[in-house]
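**Student:** As you go down the protein sequences, you meet chains A and B in turn.
Count the first sequence with the working numbering and you get residues 345 to 760, in order.
Count the second sequence with the working numbering and you get residues 345 to 760, in order.
Any given hint could turn out to be false.
Any copy will do: because identical chains look the same in the list, a pair fits if it lies in one copy or spans two.
No more than 25 Å apart at the CA atoms, straight line, and that leaves these computed lysine-lysine pairs for BS3-like [to be verified]:
id	residue 1	residue 2
1	Lys536	Lys505
2	Lys474	Lys701
3	Lys474	Lys700
4	Lys434	Lys505
5	Lys561	Lys474
6	Lys427	Lys557
7	Lys434	Lys536
8	Lys561	Lys701
9	Lys474	Lys505
These are computed hints drawn from the structure, not numbers from a lab.
All values derive from a computational prediction rather than experimental measurement.
Okay, here's what each chain looks like letter by letter:
2 protein chains.
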Amino acid sequence: MLIRNASIVAGGRLLRDQNIAIDGPRISGVGPGIADESGDGEVIEGRGKLAISGLVNAHTHLAMTLFRGYADDMELMPWLSEKIWPLEAKLTAEDIRWGVKLGCLEMIRSGITCYNDMYYFMDEAARATKEMGLRAVLSGVLFDMRPDLIEDAEPFIRRWKNDDLIVPAVGPHAVYTCSEETLSRALDLAEKHDVMIHIHLSETRSEVESFAKNRGKSPVEYLDSLGFLSDRVVAAHCVWLSPQDVSIIADRGVNVAHCSISNHKLASGIAPLDRLARAGARICLGTDGASSNNSLNLFQEMKTTAIAQKCAHSRPDLFAAGEVWRMATENAYTAFRLDMGLRAGAIADLSLIDLKKPWFCPLADDNIVSHLVYSAQGGVETTIVGGRVLMRGGVIPGEEEILERAQEQFNDLLAR
Amino acid sequence: MLIRNASIVAGGRLLRDQNIAIDGPRISGVGPGIADESGDGEVIEGRGKLAISGLVNAHTHLAMTLFRGYADDMELMPWLSEKIWPLEAKLTAEDIRWGVKLGCLEMIRSGITCYNDMYYFMDEAARATKEMGLRAVLSGVLFDMRPDLIEDAEPFIRRWKNDDLIVPAVGPHAVYTCSEETLSRALDLAEKHDVMIHIHLSETRSEVESFAKNRGKSPVEYLDSLGFLSDRVVAAHCVWLSPQDVSIIADRGVNVAHCSISNHKLASGIAPLDRLARAGARICLGTDGASSNNSLNLFQEMKTTAIAQKCAHSRPDLFAAGEVWRMATENAYTAFRLDMGLRAGAIADLSLIDLKKPWFCPLADDNIVSHLVYSAQGGVETTIVGGRVLMRGGVIPGEEEILERAQEQFNDLLAR
Chain A
345 MLIRNASIVA
355 GGRLLRDQNI
365 AIDGPRISGV
375 GPGIADESGD
385 GEVIEGRGKL
395 AISGLVNAHT
405 HLAMTLFRGY
415 ADDMELMPWL
425 SEKIWPLEAK
435 LTAEDIRWGV
445 KLGCLEMIRS
455 GITCYNDMYY
465 FMDEAARATK
475 EMGLRAVLSG
485 VLFDMRPDLI
495 EDAEPFIRRW
505 KNDDLIVPAV
515 GPHAVYTCSE
525 ETLSRALDLA
535 EKHDVMIHIH
545 LSETRSEVES
555 FAKNRGKSPV
565 EYLDSLGFLS
575 DRVVAAHCVW
585 LSPQDVSIIA
595 DRGVNVAHCS
605 ISNHKLASGI
615 APLDRLARAG
625 ARICLGTDGA
635 SSNNSLNLFQ
645 EMKTTAIAQK
655 CAHSRPDLFA
665 AGEVWRMATE
675 NAYTAFRLDM
685 GLRAGAIADL
695 SLIDLKKPWF
705 CPLADDNIVS
715 HLVYSAQGGV
725 ETTIVGGRVL
735 MRGGVIPGEE
745 EILERAQEQF
755 NDLLAR
Chain B
345 MLIRNASIVA
355 GGRLLRDQNI
365 AIDGPRISGV
375 GPGIADESGD
385 GEVIEGRGKL
395 AISGLVNAHT
405 HLAMTLFRGY
415 ADDMELMPWL
425 SEKIWPLEAK
435 LTAEDIRWGV
445 KLGCLEMIRS
455 GITCYNDMYY
465 FMDEAARATK
475 EMGLRAVLSG
485 VLFDMRPDLI
495 EDAEPFIRRW
505 KNDDLIVPAV
515 GPHAVYTCSE
525 ETLSRALDLA
535 EKHDVMIHIH
545 LSETRSEVES
555 FAKNRGKSPV
565 EYLDSLGFLS
575 DRVVAAHCVW
585 LSPQDVSIIA
595 DRGVNVAHCS
605 ISNHKLASGI
615 APLDRLARAG
625 ARICLGTDGA
635 SSNNSLNLFQ
645 EMKTTAIAQK
655 CAHSRPDLFA
665 AGEVWRMATE
675 NAYTAFRLDM
685 GLRAGAIADL
695 SLIDLKKPWF
705 CPLADDNIVS
715 HLVYSAQGGV
725 ETTIVGGRVL
735 MRGGVIPGEE
745 EILERAQEQF
755 NDLLAR
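Next comes chain A alone, as it looks inside the complex (with noise of 0.2 Å):
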């Protein structure tokens, strides 16, 4: 597959009238003229089109997005206890299908190629996931009361680890739902696979309070004591953190997912990235559940990100368009070991976006990345992953019918 005379992003500025030529699941080649060695005969037009490689959704939980609307505007516990888990314990694998299958539509247009999720039902997740033709690292969420998902995280794992699109990882929920059991039962699994590890950590203020009142340390603190803590880990929000916390996320260089939107709305409060990027923490974006943002799109969780951390510490200069954009992309190519980039070699999962559109003018060589964050709206029109056309011009085939499926699981799902 050819994509011809793209414009590209490379360091931070406009390159135009580039190909990029992609063989089978990774692109061969990059750069004015080069051509496609695949012998399928397949191009894309890239004139007027920005080729981005894929943006990765660093926390979620795809299948909520049958909940999108269902309760907003309500405190925690009572969101919680009244609306979202009455709901969860009627899920069954059909509504993880569609839940899942709507949200990938949702991430394939705004140009999310992978996404790292944990919840329930996750061999459906990952099925409906590859017929979706999307990139995912999955873990079934893992906690006490719930001893037959601990026992299924094994054999997860060894069902999906030579897949191509589905990478399996371990999941416990939180400090405040696992015990120290099942946290080195996980631990242990993690290490024995080589997989990754996806929690939640020090999302609200009340949690982490608790926790030190009881315990007598932070859950950061307390997950170091275990040996938990490393590159491995993925921890979604932390946003209470200490400045002890802070300090030993960066030196065990554990992946930060941070959700702006969701803390925003759920009012949890304003993650201390200036620290956290201080200390040399390796950053990522998430958009969590459809649920708590309501949309899945990092455009959106880019320009909210930079904005709100520039007024909470009242410094227009800090988190800068490149890097924010870099949470979105490079952070997380690091974080999930992706061999990602518009370069000869890596993965083909990239999408293209319409430069004629007033957002993006006018357009410089050296505001494509401001355009990016600060004004593209996440309208992309054409997404790829491992080499496949996940939609073309806009058209996702199939979608119709997904909307449709999805609406009635909906419907089924309160009805039952």
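Go by the hints and put chain B onto chain A.
**Tutor:** For chain B alone, coordinates are given in the frame of chain A:
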């Protein structure tokens, strides 16, 4: 014209299968089976679409769309003095023309049918806006250093006071750039011609503190002491308000144009919308200029406003979707004296949005306003102002030429 079988929002709920009949510049009927009596035979299929009455952008400087992405991530004073003011000093009417047209394209694409603007060369802005077909409340910016602008304020009102789309107003810039004499002149003029007043008010902490230090009162108290404040006034920003300021604004009926994204990006602060709302003040939403946003999209503004206020007060139940939706619609209709809404007799300013998109799924009768505020991304496909179709099925006639001309104009401005 007849819009057939569209859905609408009524009392916060989704109402399906509604016809909307438009006769000339006004809506002649809304309801199931309503017929078109205009005789023009024009039909727009509304099935699967949501019709919304137009959003109103309560504060912007539209020509500054030409500066989008030109300078970001800078401290306020260097941003103004090194970047924005030098460009503004070189502006010509031709720059205004193409900046305004570019801004209109983005607003048409996001369902904004009317905007409130204060800037330079406003006759040119008015002509460009009329060519694009949008409605606007326009005022030339007034400040002491430019007596020529002050002299032209009344002639500008006379030139435009009988226009069908342009509503002239008076635009004293702010209390720190306008003397008492200038402010009084602006007030007299507004009262004489019964037009609105558009002013920046208490945007930054340093501006309010230095005013208080020199004058012994807040900018709000000062304006009130001049008899300046009434429901004729649209006050942009209102970020740094004392409890006394909040009472004055509410008691005088001043219309607040809240600009959440701009206030965040420039790190100005978070406006006390909770206190303003409790005091009964009328709050509208503005994008500010694209040089400090960098979008002209009220869907983004609604989401950011809601989630930022929730987070600032640690109260996820505050600023529910319906309240924020009213800020972008009904509050602004009252503020700007616009006879708008989806009902017989109202001016025909409305948009159609495609409901068959992932971000509107699942759809229930009672989650449509949540979807509009929290998950819709502003991708409107048809926009109508005063009964004239400005965009149909995503196509705005002449868009590509405007994008090219705006780009050339920006290049020319930089080279000047």
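**Student:** Please go over all the hints and tell whether each is borne out by the structure.
**Tutor:** Structure-based check of all given hints:
{"no.": "1", "hint": "Lys536 with Lys505", "verdict": "within (12 Å within a copy, 77 Å between copies)"}
{"no.": "2", "hint": "Lys474 with Lys701", "verdict": "between (32 Å within a copy, 21 Å between copies)"}
{"no.": "3", "hint": "Lys474 with Lys700", "verdict": "between (32 Å within a copy, 23 Å between copies)"}
{"no.": "4", "hint": "Lys434 with Lys505", "verdict": "neither (29 Å within a copy, 62 Å between copies)"}
{"no.": "5", "hint": "Lys561 with Lys474", "verdict": "neither (41 Å within a copy, 64 Å between copies)"}
{"no.": "6", "hint": "Lys427 with Lys557", "verdict": "neither (29 Å within a copy, 51 Å between copies)"}
{"no.": "7", "hint": "Lys434 with Lys536", "verdict": "neither (33 Å within a copy, 66 Å between copies)"}
{"no.": "8", "hint": "Lys561 with Lys701", "verdict": "neither (51 Å within a copy, 46 Å between copies)"}
{"no.": "9", "hint": "Lys474 with Lys505", "verdict": "within (14 Å within a copy, 61 Å between copies)"}
Going through the hint list in order, the structure does not satisfy hints 4, 5, 6, 7 and 8.
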